[in-house]
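Starting from the known structure of chain R, arrange chain D on it as the hints suggest.
Protein chains: 2
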Amino acid sequence: MADRSDSSCVHKVGFPPRRSLATDFTRGLKETFFADDPLRPYKDQPRSKQLALGLRFLFPALEWGRDYNLSRLKGDIVAGLTIASLCIPQDIGYAKLANMDPQYGLYSSFVPPLIYAAMGSSRDIAIGPVAVVSLLLGALLQTEFDPVTQKEEYRRLAFTATFFAGVTQAALGFVRLGFLIDFLSHAAIVGFMGGAAITIALQQLKGFLGIKKFTKNTDVVSVMRSVWGSVEHGWNWQTMLIGSAFLAFLLAAKYIGKKKQQQLFWVPAIAPLISVILATFSVYITRADKHGVQIVKKIEKGINPSSVDHIRFAGSFAAKGFRIGVVAGMVALTEAAAIGRTFAAMKDYQLDGDKEMVALGTMNMLGSMTSCYVTTGSFSRSAVNYMAGCETTVSNVVMSLVVMLTLLVLTPLFEYTPNAILSSIIISAVLALIDYEAAHLIWKVDRFDFMACMGAFFGVVFTSVEIGLLVAVSISLAKILLQVTRPRTALLGNLPGTMIYRNVEQYPEAIRVPGVLVVRVDSAIYFSNSNDVKERILRWLRDEEEQQKANDLPRVDFLIIDMSPVTDVDTSGIHALKELHKSLQNREVQLGIANPGAVVVEKLRLAEFIELIGQEKLFLTVGEAVIGCAPKVSDDV
Amino acid sequence: MADRSDSSCVHKVGFPPRRSLATDFTRGLKETFFADDPLRPYKDQPRSKQLALGLRFLFPALEWGRDYNLSRLKGDIVAGLTIASLCIPQDIGYAKLANMDPQYGLYSSFVPPLIYAAMGSSRDIAIGPVAVVSLLLGALLQTEFDPVTQKEEYRRLAFTATFFAGVTQAALGFVRLGFLIDFLSHAAIVGFMGGAAITIALQQLKGFLGIKKFTKNTDVVSVMRSVWGSVEHGWNWQTMLIGSAFLAFLLAAKYIGKKKQQQLFWVPAIAPLISVILATFSVYITRADKHGVQIVKKIEKGINPSSVDHIRFAGSFAAKGFRIGVVAGMVALTEAAAIGRTFAAMKDYQLDGDKEMVALGTMNMLGSMTSCYVTTGSFSRSAVNYMAGCETTVSNVVMSLVVMLTLLVLTPLFEYTPNAILSSIIISAVLALIDYEAAHLIWKVDRFDFMACMGAFFGVVFTSVEIGLLVAVSISLAKILLQVTRPRTALLGNLPGTMIYRNVEQYPEAIRVPGVLVVRVDSAIYFSNSNDVKERILRWLRDEEEQQKANDLPRVDFLIIDMSPVTDVDTSGIHALKELHKSLQNREVQLGIANPGAVVVEKLRLAEFIELIGQEKLFLTVGEAVIGCAPKVSDDV
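Chains as they are written, first to last, in the working numbering: chain R, 55 to 691; chain D, 55 to 691.
Next comes chain R alone, as it looks inside the complex (with noise of 0.2 angstroms):
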């Protein structure tokens, strides 16, 4: 060894201090479910300061209105006005999706944000409908009823999906449990995502082409199909002019918005509701809508009916809403919760997601009362509002105000929109969602993701949304399960002039130790590996001795592991360990253990692998345990 000046010294393994089986179970339990301690501003207060600490907690608006100003409210104002522009056209469209009457997608508009704007604490995100969430219901809810001809249950069992949505997102932040949502992998979501906007997209084309008789199914080749046959009789050329048209206006504006972020971020904002006034006025001169462009004809006036009575707390009708409003509340959460992190993160403040999901659970229960539909946050509305420069959730309470006087007063003049300024909306919107940057990454950092990425969009794409959806939840599970069944192993040497043991394949000037195997575990020893990782040791042992033999190198006498990277370790972990050591006997191998962590050494320690092998076969470091287990060699070298 070149510096000796450590070798001296041969430090001991630090056992951690003993903890009962309560402060253990206590700290396993706490690290789970309370990571971030929620108790701890409580501690040593008064009791009429924790009630207004909770009630703070509750309502996060208490905390900052308290130094709201107005300056803060100009930003809001502004913001809240652009968002609100952008919605209502949003709304209208979105609610087709969901198979439901435009009039639902301005209601789901109004109270939502209202009561997100009390309970929430994004300042940024902007709740309302959004596109996969309706595709994603209206999907699932017409397994069940004909949004047609069975419209009064259809509506009926959407409140109460909804209503169940909402439950389950409020059960999961209040139970803690809202780091399930994480086991939808990023590669998942972008590749769902993007699936769902190319379904979305082609969906439109019924609306964008004007044709009558549409498929039911979502997947590309039964709607290519639908398209082609219906190119002789169905296709409209008034309808498909005044959607192009207005297609290369959006995207035009969208462009524009994308050039010059920071000034003309409010073009492709308002460009939706302008589009929705000129083609509703230029329908409305040349009465187009006799020729076949088909209008939106009516939206109920006023503001959201109560829907209490469309709601069933039990029995087979309410079993169906729970199914479809666990998924739906589900996607829906990990929309608003990608959205929430995405923003706290540009302008760090912090964001407890478990209180999110109740805010957002909280606000779809209220919200199924009042007839609308599933709502969360919306990706594009939620980056509008953020650089209109909005403060707090008061942009979204301006926003549901525009909304409520546009049902009071000006619903009467959405009569004569043509449906396809409403399918050029959503295609618009929906192209965003299709995120060519976030797949090309996923590409070049790791082409197994890639693939979890592909067969969520093409499950998306070629069958329904269900189906790519549990396509990506199992790529997501099974891509755990892999990693946690087939570690990694690497074989160490020395770096010259230094006691640093690292991987020889990452540095090639690694030398290493002739008579000594040193192999890093780079995992836990878990049940699912646990074999796995003690034949691997065994083969690179076995490896070892064949190319000593044909070299004629000395023989292998020691064999060390370093278990840095072991996090953890569980019975069958320390039952392949024995296994091993009764294996490295009968070859007349010693066995030495480096740098065991905490948790290793005392489950070591209380299986008694420890006294199996010797107290003095742990060392601090690789290094050390070379010197330690081989004198004799670390002196020749």
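Certain hints may be false.
Which copy is meant is left open, so a pair is good if it fits within one copy or across any two.
[What the hints assert, rightly or not] Below are the DSBU-like pairs computed for lysine-lysine, each with C-alpha atoms no more than 35 angstroms apart in a straight line: (1) Lys636 <-> Lys352; (2) Lys314 <-> Lys603; (3) Lys313 <-> Lys266; (4) Lys267 <-> Lys351; (5) Lys374 <-> Lys270; (6) Lys103 <-> Lys270; (7) Lys498 <-> Lys632; (8) Lys312 <-> Lys344; (9) Lys66 <-> Lys671; (10) Lys632 <-> Lys313.
Please keep in mind that the hints were generated in silico from the structure rather than gathered at the bench.
Only chain D this time, still in chain R's reference frame:
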């Protein structure tokens, strides 16, 4: 720093050589499916040699058969006779657990062991029907058909299920997915086996007490209600006398065998057969069957009839069989794999798990065509086989031949065998499955694991085997998922007089460096935990800043993440790191990365994270990172 000898030469972090997509992919596949590289011996061999090697691979008997000799044969004959004497009474009893006629148990100990002897590679396993699989198969089958009134359909389904159990086993081995059985954790298996043993023992109260009307449920509540409900008229004192006398005899034999394992292992092995002979003889001369002692009555004479025409390969009947077969086949595999591994480790020979599965699968497929139901390795008989000095699978052949002779000649002798003695034999056999010691070790080592163990145990005892199995699998999977969701992190400090940094909780003597926060992440950073890792690190930082304000310590200027245990990172993880970097920038804290592994550093480079933080912020060790990040700070220490 005390030891500055290293600090002058700051080492570079190694980047692994770039690999092409194909190489990357092949490596990944190979590590997952061909961890042991089965094709290695075939390399550079002529065609004829490859064929011979292939045959020897498929039939290991050809391999060891060449140096088989008389002394080995002697060992195998002794072992074979011993396990035959143990298996005959067990077979008859286990067949009843599966609701089959007694001869089917004997059939199942004739054909399958012969096939395994040619194809299997474990030298110590004893093949035949086993208690848990018999119980599970019986429980699953009787949900479909009643074993008494629909005897014919029941038997047909049994053979169909056995066939598909074999197909499942062989297929898993063939496509090298054998690692799937590792997803049942050791703790869950201990609990499941213990629960099944209790359930089986409780079931034996029927025969043991001579009760005629007995519940079909297997949970402890139903069984005890059945037992106490029949206390007035249902119990037969002659039966109880026989049962308890011989149970005492069997337990005594077991105790003796355990005391002097080396010399007297054969005592408990032949005790069951002796009991059967004595009990049968005493019933025959006293004609106790006239006084309500239930007897076996009739065992069909002759060897296995063909049952090919009983198996359905398609249709809904086959679907039922497939479902049952998959479950029974997987449980059987788990048991065989555990036995195989245990004895392979004890005698230090290698076992190819996937090849074993192909052998077991073929054995069950052929077995299903010759009136055998699902067989696997038996814990108790394999242990006896090992103790009796078996050398190869020839001991299974010897056992099989003895069973054949029994079927051809001796079955009429079992006519007067009382059911009570079979119950006693089963009770004494399954008690060995209750592994107190393993449960105690699990309790000591890991409380969460112990809960899993108890969950499976009570699931089996209080509901049913299927539910218990489901609980066991769910808990195992939940453990993996929890493990990857809540990673451990640790604060590191400097061990005085070294460049080594260790967890300050494990090593109380480690000293934190003022102004520098060193955090170690103890897990791969994946989508399932990336957000959590980020939040946790920021929380360490906030805690530190609070303390620092309170105690007037120097400001934290540097955050160093020790990535030694981080075995992998995915796009979500990189995304979280980028968000972390942004948050740190807002707080004017610099980020350093110490010792990233080959895979991690490669992915960070591809995702341009290294460009983002700067190449100079990557360090080989934490020690160098502290010096490199904060030369001023480290000088002060």
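Cross-check of the supplied hints:
{"no.": "1", "hint": "Lys636 <-> Lys352", "in the structure": "neither (81 angstroms within a copy, 49 angstroms between copies)"}
{"no.": "2", "hint": "Lys314 <-> Lys603", "in the structure": "neither (69 angstroms within a copy, 42 angstroms between copies)"}
{"no.": "3", "hint": "Lys313 <-> Lys266", "in the structure": "neither (38 angstroms within a copy, 86 angstroms between copies)"}
{"no.": "4", "hint": "Lys267 <-> Lys351", "in the structure": "within (19 angstroms within a copy, 73 angstroms between copies)"}
{"no.": "5", "hint": "Lys374 <-> Lys270", "in the structure": "both (20 angstroms within a copy, 34 angstroms between copies)"}
{"no.": "6", "hint": "Lys103 <-> Lys270", "in the structure": "neither (57 angstroms within a copy, 61 angstroms between copies)"}
{"no.": "7", "hint": "Lys498 <-> Lys632", "in the structure": "between (41 angstroms within a copy, 17 angstroms between copies)"}
{"no.": "8", "hint": "Lys312 <-> Lys344", "in the structure": "neither (38 angstroms within a copy, 96 angstroms between copies)"}
{"no.": "9", "hint": "Lys66 <-> Lys671", "in the structure": "both (10 angstroms within a copy, 31 angstroms between copies)"}
{"no.": "10", "hint": "Lys632 <-> Lys313", "in the structure": "between (64 angstroms within a copy, 24 angstroms between copies)"}
Violation of the numbered hints given earlier is confined to hints 1, 2, 3, 6 and 8; the remaining hints are satisfied by the structure.
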